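Colleague: Line order of the protein sequences matches chains A and B.
When we follow our numbering, the leftmost residue of the first sequence carries the number 1, and every step to the right adds one.
When we follow our numbering, the leftmost residue of the second sequence carries the number 1, and every step to the right adds one.
FYI, nobody ran anything at the bench for these hints, they're computed from the structure.
Owing to the predicted nature of the structure, the values given are computational and were not obtained by experimental measurement.
You may find that some hints are simply not true.
Copies of the same chain look alike in the list, so a pair counts if it fits in one copy or across any two.
Cut-off 25 Å, straight-line C-alpha distance, at most; resulting in silico cross-link-like pairs (SDA-like, lysine to any residue) [what the hints assert, rightly or not]: (1) K37 - V150; (2) K37 - H155; (3) K37 - D159; (4) K21 - K37; (5) K21 - A67; (6) K27 - A111; (7) K21 - R145; (8) K37 - A2; (9) K37 - R85; (10) K37 - R48; (11) K27 - L95; (12) K21 - W33; (13) K37 - A18; (14) K21 - A121; (15) K27 - A166; (16) K21 - A131; (17) K37 - A86; (18) K21 - V150; (19) K27 - R104; (20) K37 - A90; (21) K37 - R110; (22) K37 - N93; (23) K27 - T103; (24) K27 - M16; (25) K21 - T60.
2 protein chains.
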Amino acid sequence: MAATHELMGEGGAVSMEAIAKRAGVSKETLYRWWPSKTSVVLDALAERGQSTIPLPDTGTLRGDLAAFLRSTADSADPATRHLLRAIAAAAANDLDAAAEIRTRFISARRAALNRVLARAATRGEVIASNADTLLDLIYGSLWYRLIFDVGPLDHTWADDIAAAIAPAP
Amino acid sequence: MAATHELMGEGGAVSMEAIAKRAGVSKETLYRWWPSKTSVVLDALAERGQSTIPLPDTGTLRGDLAAFLRSTADSADPATRHLLRAIAAAAANDLDAAAEIRTRFISARRAALNRVLARAATRGEVIASNADTLLDLIYGSLWYRLIFDVGPLDHTWADDIAAAIAPAP
């Protein structure tokens with residue numbers, strides 16, 4: 001994972017060969033744990049999200065969403081955005097790839113944001129059964145901007161989405 | 001356009017050669033009007049959206065959104081979904097392709113839904129300056145489901161999104 005993070009951060013080609021070399025293990029060892037380059041990169045991205053995007057607890061859904069989405073935008077440096085776009089292209093081209101991406105990466109990000117929504121539900125700010133729809137809307141807007149370049153992923157985006165999902169009471 | 005629609009509906013390969021043949025014109029004539037196959041397909045998809053997705057006027061944002069998104073889901077038959085996924089992959093792979101897709105297709109769909117939101121703004125149901133964020137959220141959720149297959153694009157999706165964006169007063 002650490003070797004993959006390093007290579008991802010350097011923005012160059014991430015291959016099984018390069019990861020094995022950087023980690024000081026054989027390619028055979030790497031393949032014993034991950035079936036493909038895509039699977040290593042997805043796990044590394046999920047781990048990176050987990051460690052760089054803290055779960056905020058500001059006391060309101062609006063505040064939590066703004067903080068969470070600001071961290072999300074901040075953690076998406078140019079190399080990461082490039083990888084995320086490649087992942088979207090792979091998913092759009094192939095339903096099997098989409099399934100692996102959901103299992104290894106999308107589900108981890110949904111689970112993290114879902115904890116923010118669950119806390120909001122206990123405060124009565126959202127209805128718990130709406131959480132899946134809200135996750136679709138929020139992560140949908142992120143990928144839509146990333147893929148079609150309809151607007152920047154920045155703090156203004158984070159605050160606008162937070163305000164639209166959690167209007168002031 | 002009609003020839004392109006026919007070929008798209010048949011689900012087979014859509015090439016400039018095939019479009020020209022079906023339309024009974026030379027490839028040179030076709031290239032005089034469209035620079036690439038992608039540009040013809042995008043224009044045909046935009047025209048198809050315009051003609052198969054009516055602008056509803058139910059009197060409420062919730063009703064209008066549910067009707068508009070139900071029509072959107074209905075108009076996306078399997079051949080169209082396949083084309084839309086190919087378009088998403090092209091956009092994710094190449095920022096120039098993303099720009100052409102925004103200009104020829106995405107902007108037309110945003111303009112249509114924006115008219116629904118503008119009517120809701122005159123009724124005081126949304127703030128006009130939030131429209132762009134709402135367009136991102138709504139179309140984001142559509143593409144997110146289409147690309148990553150996180151859930152079906154059907155009437156339940158349409159109704160859930162309408163309810164989340166326009167809660168009952």
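Colleague: So, for every hint listed, does it hold in this structure?
Modeller: Comparing the hints with the structure gives:
For a Cα distance limit of 25 Å, the shortest separation of K37 from V150 across copies, 22 Å, qualifies, whereas the shortest one inside one copy, 29 Å, does not. Proximity of K37 and H155 under a CA criterion of 25 Å is satisfied in neither setting, with 32 Å inside one chain copy and 37 Å between copies. In the homo-oligomer, the alpha carbons of K37 and D159 never lie at most 25 Å apart, since the shortest distance is 35 Å inside one protomer and 39 Å across protomers. In this homomeric assembly, K21 and K37 come within 25 Å of each other (Cα to Cα) only inside a single copy, at 14 Å, whereas the closest approach across copies is 43 Å.
In this homomeric assembly, K21 and A67 never come within 25 Å of each other (Cα to Cα): the closest approach is 37 Å inside a single copy and 55 Å across copies. Taking identical chains as interchangeable, the C-alpha atoms of K27 and A111 are never at most 25 Å apart, the minima being 32 Å within one chain and 51 Å between chains. Taking the shortest alpha-carbon separations for K21 and R145, neither the intra-copy value of 35 Å nor the inter-copy value of 37 Å comes in at or below 25 Å. In this homomeric assembly, K37 and A2 come within 25 Å of each other (Cα to Cα) only inside a single copy, at 14 Å, whereas the closest approach across copies is 43 Å.
When the C-alpha separation of K37 and R85 is checked against a cutoff of 25 Å, the pair qualifies both within a copy, at 16 Å, and between copies, at 23 Å. In this assembly of identical chains, the alpha carbons of K37 and R48 lie at most 25 Å apart only when taken from the same copy (16 Å versus 39 Å across copies). In this assembly of identical chains, the alpha carbons of K27 and L95 never lie at most 25 Å apart, being 27 Å within a copy and 34 Å across copies at closest. Proximity of K21 and W33 under a CA criterion of 25 Å is satisfied intra-copy only: 15 Å inside one chain copy versus 52 Å between copies.
Taking CA atoms no more than 25 Å apart as the test, K37 paired with A18 passes inside one copy only; the shortest distance there is 10 Å, against 38 Å between copies. For a Cα distance limit of 25 Å, the shortest separation of K21 from A121 qualifies neither inside one copy, at 47 Å, nor across copies, at 58 Å. In the homo-oligomer, the alpha carbons of K27 and A166 never lie at most 25 Å apart, since the shortest distance is 48 Å inside one protomer and 53 Å across protomers. For the identical chains of this complex, K21 and A131 are neighbours neither inside a copy (42 Å) nor across copies (50 Å), given an alpha-carbon limit of 25 Å.
In this homomeric assembly, K37 and A86 come within 25 Å of each other (Cα to Cα) both inside a single copy, at 13 Å, and across copies, at 23 Å. In the homo-oligomer, the alpha carbons of K21 and V150 never lie at most 25 Å apart, since the shortest distance is 38 Å inside one protomer and 35 Å across protomers. Only within a single protomer do K27 and R104 lie at most 25 Å apart by alpha-carbon distance; the minimum there is 21 Å, versus 45 Å between protomers. In this assembly of identical chains, the alpha carbons of K37 and A90 lie at most 25 Å apart whether taken from the same copy (13 Å) or from different copies (21 Å).
Proximity of K37 and R110 under a CA criterion of 25 Å is satisfied intra-copy only: 23 Å inside one chain copy versus 37 Å between copies. Both within a single protomer and between protomers do K37 and N93 lie at most 25 Å apart by alpha-carbon distance, with minima of 17 Å and 18 Å respectively. Proximity of K27 to T103 under the C-alpha cut-off of 25 Å is restricted to the intra-copy arrangement: shortest distance 24 Å within a copy versus 45 Å between copies. In this assembly of identical chains, the alpha carbons of K27 and M16 lie at most 25 Å apart only when taken from the same copy (7 Å versus 44 Å across copies).
Within a single copy, K21 and T60 get their C-alpha atoms no closer than 46 Å, and across copies no closer than 60 Å, so neither meets the 25 Å cut-off.
Violated hints, listed in ascending order, are 2, 3, 5, 6, 7, 11, 14, 15, 16, 18, 25; each of the other numbered hints is respected by the structure.
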